[in-house]
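Student: Sequence:
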Amino acid sequence: MAHPKRKTSKSKKRMRRSHNALYYKTTSVCSYCGDTIVSHRVCSSCGHYNGRPVLKSTDEA
62 MAHPKRKTSK SKKRMRRSHN ALYYKTTSVC SYCGDTIVSH RVCSSCGHYN GRPVLKSTDE
122 A
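Heads up: take any position in the sequence shown, counting from 1, add 61, and you land on my numbering.
Please keep in mind that the hints were generated in silico from the structure rather than gathered at the bench.
A virtual CB, placed ideally from N, CA and C, is assigned to each residue, including glycine.
Check the hints yourself; a few may be wrong.
To be verified - For each label pair, taking beta carbons as the anchor points, the in silico distance ranges come out as: (1) R113 x Y85: 20 to 30 Å; (2) S105 x N81: 20 to 30 Å; (3) T88 x P65: 56 to 66 Å; (4) K68 x T88: 38 to 48 Å.
With the sequences and hints as input, model every part of the structure.
Tutor: Here it is as structure tokens:
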């Protein structure tokens, strides 16, 4: 088996793992009901996307 010739430095190790960082999802406010939603997704409470109804609302029944 191959063995490393030198110890991997902290800097090199952290550069390799840089893409594993966690990030927050961008949130916005629904223009129809004012609820907080994840950007570019249909609002789960009213069923609107970009000001247009996409899903049938459960509140209308």
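Student: Check the following: the C-beta atoms of S105 and N81 are separated by a distance inside 20 to 30 Å.
Tutor: Cβ of S105 to Cβ of N81: about 29 Å, so the range 20 to 30 Å holds.
Student: Note whether the CB distance of T88 and P65 lies within 56 to 66 Å or breaks it.
Tutor: violated (43 Å)
Student: At the C-beta level, are K68 and T88 separated by a distance inside 38 to 48 Å?
Tutor: holds (42 Å)
Student: Does the hinted range 20 to 30 Å hold for R113 and Y85 at CB?
Tutor: For Y85 against R113, whose Cβ atoms are near 27 Å apart, the range 20 to 30 Å holds.
Consistency note: the structure conflicts with earlier hint 3 alone.
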